[in-house]
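Student: 8 is the number of the first residue of the sequence shown in my numbering; add one for each residue after it.
Check the hints yourself; a few may be wrong.
In silico lysine to aspartate or glutamate, EDC-like type, Cα no more than 20 Å apart, as pairs [stated by the list, open to error]: (1) Lys54 with Glu74; (2) Lys279 with Asp264; (3) Lys202 with Asp72; (4) Lys421 with Glu238; (5) Lys267 with Asp301; (6) Lys14 with Glu236; (7) Lys279 with Glu428; (8) Lys166 with Asp27; (9) Lys330 with Asp27; (10) Lys459 with Asp469; (11) Lys412 with Asp264; (12) Lys267 with Glu361; (13) Lys279 with Asp291; (14) Lys202 with Asp75; (15) Lys279 with Asp301; (16) Lys300 with Asp271.
Taking CB as the label site, the calculated pair distances span [to be verified]: (17) Asp72 with Met8: 18 to 28 Å; (18) Ser309 with Thr194: 23 to 33 Å; (19) Lys459 with Glu396: 53 to 63 Å; (20) Asn305 with Asp273: 15 to 25 Å; (21) Ala444 with Lys412: 28 to 38 Å; (22) Gly320 with Asn455: 46 to 56 Å; (23) Ala444 with Asn252: 50 to 60 Å; (24) Pro120 with Arg466: 23 to 33 Å; (25) Gly224 with Asn455: 45 to 55 Å; (26) Met8 with Ala444: 55 to 65 Å; (27) Glu396 with Glu63: 30 to 40 Å; (28) Leu232 with Arg272: 15 to 25 Å; (29) Gly290 with Pro95: 38 to 48 Å.
Hints listed in this document are in silico derivations from the structure and should not be mistaken for laboratory results.
Just so you know, even glycine gets a beta-carbon here, dropped at the ideal spot from N, CA and C.
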Amino acid sequence: MEKLRKKSRQPFILQLIDSDDSTTTVRDITTFLNNGGYPRDEYVEGKGVILLCTNEAFFRLPYFDNEDRWHLIMDEPTDLHEHRFILPLPLLYEQIHNQFLANYLTTVPSGIPGYDLLQPNNDAFDTIAANKDNDRGVRDLLSPLLCKLRRRGGESLWKVYVREGHGVLTNDEREFRDTLVADMIPTPAFFVRFKTTTLIAANIENQFFLHYYMSQGIQFIEHSLIAKEMEKQWKESGRDGHNRNHLIQIYYGYWIDWSKRARDRDGGRKMKALVKAIVDLVGDRQFLYIANKDVPRNIFASIPGANDIMEDGYPRVCRMDNKPHGRNDYRHRNIVVVLTATLPPPSHSKFLQEVLGLTDIQIRNRMMRDTIHQAVTRSSIRDPENEQEKLVIVPDGASSAYESKQFPGCPFPKQLDIRLEEIVKPAGRPKVHANAAEKYRAYRQRGNVEEKRKKNAERMRDNRQKKAGQL
8 MEKLRKKSRQ
18 PFILQLIDSD
28 DSTTTVRDIT
38 TFLNNGGYPR
48 DEYVEGKGVI
58 LLCTNEAFFR
68 LPYFDNEDRW
78 HLIMDEPTDL
88 HEHRFILPLP
98 LLYEQIHNQF
108 LANYLTTVPS
118 GIPGYDLLQP
128 NNDAFDTIAA
138 NKDNDRGVRD
148 LLSPLLCKLR
158 RRGGESLWKV
168 YVREGHGVLT
178 NDEREFRDTL
188 VADMIPTPAF
198 FVRFKTTTLI
208 AANIENQFFL
218 HYYMSQGIQF
228 IEHSLIAKEM
238 EKQWKESGRD
248 GHNRNHLIQI
258 YYGYWIDWSK
268 RARDRDGGRK
278 MKALVKAIVD
288 LVGDRQFLYI
298 ANKDVPRNIF
308 ASIPGANDIM
318 EDGYPRVCRM
328 DNKPHGRNDY
338 RHRNIVVVLT
348 ATLPPPSHSK
358 FLQEVLGLTD
368 IQIRNRMMRD
378 TIHQAVTRSS
388 IRDPENEQEK
398 LVIVPDGASS
408 AYESKQFPGC
418 PFPKQLDIRL
428 EEIVKPAGRP
438 KVHANAAEKY
448 RAYRQRGNVE
458 EKRKKNAERM
468 RDNRQKKAGQ
478 L
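Model the full structure from these sequences, guided by the hints.
Tutor: Following this line, the structure appears as structure tokens:
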């Protein structure tokens with residue numbers, strides 16, 4: 008961008024605001040936009056402005072000044088299932104519920120079975136959400152939710168769903184719920200308010216937002232200028248984009264669909280056998296891998312020198328972030344392993360089924376495909392100059408079949424040499440607790456939680472009776 012600015016006949020203002028340089032990213036972006044998109048002392052009539060920020064910060068902006076004058080270009084937009092707000096309540100219950108939620112928020116029917124829409128119930132909410140409220144602790148705690156509920160011109164750009172009859176938002180005597188869960192979806196108006204909106208994403212056909220917006224009547228069209236420039240670059244390089252795919256060999260572990268349940272059944276035998284087969288195939292070669300957070304970081308410790316730092320600055324066995332979207336610094340590695348089992352919690356899966364009209368299997372497949380494809384394309388596959396052989400290892404046959412379609416011309420997927428009989432199956436039922444002390448501690452904690460819930464329910468009932476008596 009700096010090179011483009013120097014070459015431009017009409018230099019533009021270029022501003023990057025992210026957490027590397029700022030501890031108040033959202034506030035700094037808002038201040039920048041309030042100034043018209045540029046420092047006032049640098050104003051020149053007709054001078055363009057380019058603002059660079061992260062998706063996370065962009066989605067948390069309470070408003071966007073002069074939005075109809077901006078062109079929005081979003082790379083790898085955050086998908087619908089990633090906009091979720093979860094807040095444990097017990098410690099601050101009285102403060103959050105009695106002083107905030109009960110006074111400023113209400114629920115209305117959403118039209119989706121089992122879910123209500125969360126909305127402000129008076130104009131004072133906008134003052135609270137605009138950081139003019141005295142209780143800064145509660146406001147900061149709820150800020151990811153408040154910015155989604157703020158209205159502009161009487162219209163909200165987000166739909167915020169909560170479970171129907173959620174105890175923390177009702178005045179009846181339902182049992183107190185100890186967690187507030189809100190699923191938040193940007194409406195089509197969130198994007199069409201800009202002069203133009205361009206969304207760029209790999210594997211976009213599996214994105215939930217595409218399915219959702221199309222069901223809302225939004226049409227997506229190819230960006231002619233970007234497509235034309237990409238085609239031009241391919242022709243100039245003498246490549247058609249597929250003539251390196253014959254170097255990609257895809258391996259898979261099992262024919263059954265991969266999930267945490269399948270992974271952990273029988274004491275994790277399938278996971279242990281899969282890891283052993285991967286180690287036998289890869290040996291001591293460098294590779295990337297991605298796995299769920301609950302998978303220990305030493306899972307490949309049997310590989311000699313697994314933690315040795317290589318010439319590229321990364322360990323021989325390098326674990327990627329769970330969301331490696333956009334990472335370009337792994338493109339020299341030729342082997343990538345995917346162990347991730349991507350599946351939303353049952354309650355979240357139910358919500359996505361209701362909103363999107365998809366089945367549980369369709370949701371699981373889309374999430375798995377997106378996660379796997381993003382991980383696979385962090386490797387040297389993204390380097391058109393790399394002519395070395397590449398290995399891709401995925402957990403199940405369905406994922407390997409899908410990935411092979413993404414790289415036309417690659418060899419047919421092969422199954423790893425997995426030998427479950429070498430992994431001893433544990434006898435009896437799996438232990439929930441490590442020892443008797445842990446078991447008794449868990450029993451006491453369950454009793455304490457139930458007691459707290461009863462006390463909270465009694466306190467709520469007493470407060471309502473007192474208020475009714477005062478009236």
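Student: Determine for every hint whether it applies to the structure shown.
Tutor: Going down the list of hints, with the structure as the test:
For a cut-off of 20 Å, the pair hint linking Lys54 to Glu74 stands: about 17 Å separates their Cα positions. Between the alpha carbons of Lys279 and Asp264 the distance comes to roughly 17 Å, so the proposed pair stays at or under 20 Å and holds. Restraint check: the Cα-Cα separation between Lys202 and Asp72 comes to about 13 Å, which is no more than 20 Å; the hinted pair holds. Between Lys421 and Glu238, the direct Cα distance comes to roughly 33 Å. Violation of the 20 Å bound is thereby established for this hinted pair.
For a cut-off of 20 Å, the pair hint linking Lys267 to Asp301 stands: about 10 Å separates their Cα positions. Straight-line distance between C-alpha atoms of Lys14 and Glu236 comes to about 18 Å, which keeps the hinted pair within the 20 Å bound. A C-alpha spacing of about 11 Å is found between Lys279 and Glu428, which places the hinted pair at or below 20 Å, so the restraint holds. Between Lys166 and Asp27 the alpha-carbon distance is near 31 Å, which puts this suggested pair outside the 20 Å criterion.
Between the alpha carbons of Lys330 and Asp27 the distance comes to roughly 19 Å, so the proposed pair stays at or under 20 Å and holds. Restraint check: the Cα-Cα separation between Lys459 and Asp469 comes to about 15 Å, which is no more than 20 Å; the hinted pair holds. Simply put, Lys412 and Asp264 have alpha-carbon atoms about 18 Å apart, close enough for the 20 Å limit, and the pair holds. Our distance criterion of 20 Å between C-alpha atoms is broken by Lys267 and Glu361, whose separation comes to about 23 Å.
At roughly 18 Å between alpha-carbon atoms, Lys279 and Asp291 fall within 20 Å of each other, so this suggested pair holds. Proposed proximity of Lys202 and Asp75 is supported: the alpha carbons are some 5 Å apart, at most 20 Å. The straight-line distance between the Cα atoms of Lys279 and Asp301 is roughly 14 Å, inside the 20 Å bound, and the hint therefore holds. For the hint linking Lys300 to Asp271, the alpha-carbon distance of about 14 Å falls within 20 Å, and the restraint holds.
Checking the proposed 18 to 28 Å range against Asp72 and Met8 shows it holds: the Cβ atoms sit about 22 Å from each other. At roughly 50 Å, the beta carbons of Ser309 and Thr194 sit outside the given window of 23 to 33 Å. A hinted range of 53 to 63 Å for the beta carbons of Lys459 and Glu396 is consistent with their spacing of about 59 Å. Range check, Asn305 to Asp273: Cβ separation about 21 Å, and the 15 to 25 Å hint holds.
At about 52 Å, the CB distance of Ala444 to Lys412 disagrees with the hint of 28 to 38 Å. Under the hint 46 to 56 Å, the C-beta atoms of Gly320 and Asn455, about 47 Å apart, fit the expected range. Against the hinted window of 50 to 60 Å, the Cβ-Cβ separation of Ala444 and Asn252 comes to about 56 Å, which satisfies the hint. The hinted window of 23 to 33 Å between Pro120 and Arg466 holds, with their beta carbons roughly 31 Å apart.
Taken as a hint, the range 45 to 55 Å holds for the pair Gly224 and Asn455, whose Cβ atoms sit roughly 51 Å apart. For the pair Met8 and Ala444, the supplied restraint of 55 to 65 Å holds, since their beta-carbon distance comes to about 59 Å. In this structure the supplied range 30 to 40 Å holds for Glu396 paired with Glu63, their Cβ-Cβ distance being about 36 Å. In this structure the supplied range 15 to 25 Å is violated for Leu232 paired with Arg272, their Cβ-Cβ distance being about 51 Å.
Range check, Gly290 to Pro95: Cβ separation about 45 Å, and the 38 to 48 Å hint holds.
When held up to the earlier numbered hints, the structure conflicts with 4, 8, 12, 18, 21 and 28 and fits the remainder.
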